[in-house]
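All chains should be built: construct the whole structure from the sequences, respecting the hints.
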Amino acid sequence: MSDQLLSPDHPSVVFACRGVQVYVKDGDTEKQIVRGVDLTVRRGEKHALMGPNGSGKSTLAAALMGHPSYRVEGDIWLNGERVDALEPHMRARRGMFLSFQYPVAVPGVTVANFLRASLAARRGTEIPVRAFRQELNAAFATMSIDPSFITRYLNDGFSGGEKKKLEILQMLLLKPAFSLLDETDSGLDIDALKIVSDGINLASGPDNGLLLVTHYQRILNHVQPDVVHVFMNGHLVRTGGMELVTALEERGYDWLAEEAAIPEGSRA
Amino acid sequence: MAEDTTSVIASARPALDEGLLKALAATLGGDAAQVSRRLAALARYEKAAEPDRVRHLWRFTNPALLLPASVTGAPATDIVLTSAAPVAGASVTIDLWPGQAPAVQTAEDLPVGALVFTAADEPFAAGGAPAGDLFAALGDAAWNTGVGLQVAAGVKLAGPIHVRVHASAAAVLPRVRLDVGRGAEAMLVEHHTGGGPDVRVAGSTVINAADGARVRHAVVQVWEPGTCGHLAVRTRAGADADILTVCGVFGGDETKLELGTDLAGAGAHSEIVGVALVAGKQHADVHTSHRHLAGHTTSRIDYKAVAGQQARSTYTGLIRIEERATHCEAYQENRNLLLSSRARADAIPELEIHNQEVSCSHGATIAPVDPEQLFYLGSRGLDPHEAMGLVVRGFLENTLARLPDDARSMVESFTAPRLATIREGGA
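Chains A and B are the protein sequences, given in the same order. Residue 121 in my numbering sits at position 121 of the first sequence, with consecutive numbering throughout. Residue 376 in my numbering sits at position 376 of the second sequence, with consecutive numbering throughout.
These are computed hints drawn from the structure, not numbers from a lab. There may be inaccurate statements among the hints.
Unchecked claim - A short list of chain B residues far from chain A (calculated; beta carbon distances all over 12 Å): (1) Ala32; (2) Ser36; (3) Ile366.
Unchecked claim - Here chain A is said to cover these stretches of chain B; the calculated rule only asks that three of the stretch's residues, wherever they fall, bring their Cβ under 8 Å from a Cβ of chain A: (4) 368 to 374; (5) 378 to 392; (6) 395 to 406.
Don't be surprised by glycine CBs; every beta carbon is placed ideally from N, CA and C.
In structure tokens form, the structure reads like this:
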């Protein structure tokens, strides 16, 4: 992979990580989930991260965003700047975004108030109410979310599909440089999958990049990845293109585990 | 550690005598009837046992911390309006502020006699404090600032009556009395400000809502750090009376607020909406009691407390439904949000139901802020303070949403700055 040879602070690179290891507390000891991951995402690129259930894909995504439950070693770069020592909100303000697999509800906080605060944080300036309303209405229309959701409490009582649509709506509004999309396709029916995929494509451009975490091929037919990685046992065991997706769909993950000489008990 | 509570209280109880109470009555312009009411209270005070620390009411707060060391014959504030004085005006502000001339500001014209200042300690028609209540006897005997108000039957006051009690003496014993006549409407906002490390406040408020009266009452406590105090509000609701009690507890160190409501007439309704925001080493103890004395009465309590740093919130609440009070509905809810691992909350709701034909429920929760919520908000660019603020405002939202707009914005004018200082303190 010639991409890996690019320096993480090269101007064409929007996101990179080197030697990322992730540990979680396990009683009095620590358990290692990610055992050294290198990634280089160039501007305009869409990457897919595939792997079996329980392989730690979501952990990797949350750790890259700075989740406080994880201890992370290694370097993380965004737009040529090291961000691994920064708190999540500082990463977000610099243009990192995580679409959650299970977005948490925040009762009592309306979607409108939350989005206004997020936008102000990302843009570094308050947005006039009127301009905000217009922007919001347009985004809700794009994501086919009923405008009544604007005054509802954030993710409170939302269906799985509604939550995922709202995640991508936030991606559209916040215009991140680099997005981590964690199983954004899970729990979506065909119509919602189309809307969410269209939203991701609309939010993608020549200047930004994304990493789409999934274990299904389904969404990759709508959001065509430029690079596909397979993540198993804490490592990226294979990197390729769409042909890798087809191979996984036909053969499953076991053949890759055998190639990578991963013991049967550690393939998740 | 075995604490000898009895001796602590006995030594902490301020000494009162006849001469002192007569001096107080004289300075405050009290008549002979007031003197005899004070002396009768003195007899009760001397007989009153120390609060029972085993019962829930005083289980979490040591009353000795709240009592003033001594009471003098000097009033706590210069102004006390005890002589009957008719006031014209729909919106009234009464400042009980030491060293200042009487400050009564009114706005808008009302018919003369619609609102009248009266003695603050006129005998209460019914209900009131339980016999033997030490704090009630102390207040009845030695109250040293206060105001009484009467709203004539049928009068609907357009604006609120603000009473501002600024505590600065070592012992401040304010007394507020409001009588709302048959079918009348009034809103009373009590502001408790001032205080300091050497200031103790023991206040009592009595509200009498006649049949069909509609009363909005708010108690906002924003004492300075170091202040300890006890505020008791006793309300009686006549038939079809409608009472809304709003409380906001923000200041002081060791504080206790007791809200007692007697639903005395059929069809009476009482709602208590409260919030407390405490941090540092503050302890906010709030007790509510709803006594359903008549049938077809309804009550509702929604009290939320937020505790940061090492602060502590205590809630004890009692709903008592008498045997004769059938077809009552009562609901009590207390939720606590802890902003730090060292903050603490206790919630003890109690029901005492003496007949079968009632609908009653209660709920209490104590929970820390969900770190996943903070991470989610952080991942959208909100710094930890902003995220915490948003979560706390969300926590309070459905409680504040129960309030009419004017009451809500009044409460929010206190919650917002308090929240900011809690966050700055690294809660």
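Hint-by-hint comparison with the structure:
No Cβ of chain A approaches the Cβ of B/Ala32 within 12 Å, the least distance being about 55 Å, so the stated non-interface status holds. Non-interface call for B/Ser36 relative to chain A: holds, since the shortest CB-CB distance, roughly 52 Å, exceeds 12 Å. With a least CB separation of 16 Å from chain A, B/Ile366 remains clear of the 12 Å interface cut-off, as annotated. Using a Cβ-Cβ cut-off of 8 Å, 4 residues of the region 368 to 374 of chain B lie near chain A, which meets the minimum of three, so the contact claim holds.
Residues of the region 378 to 392 of chain B lying with their CB closer than 8 Å to a CB of chain A number 11, which satisfies the three-residue condition for coverage. Under the rule that three or more residues need a Cβ within less than 8 Å of chain A, the assignment of the region 395 to 406 of chain B holds, with 4 such residues.
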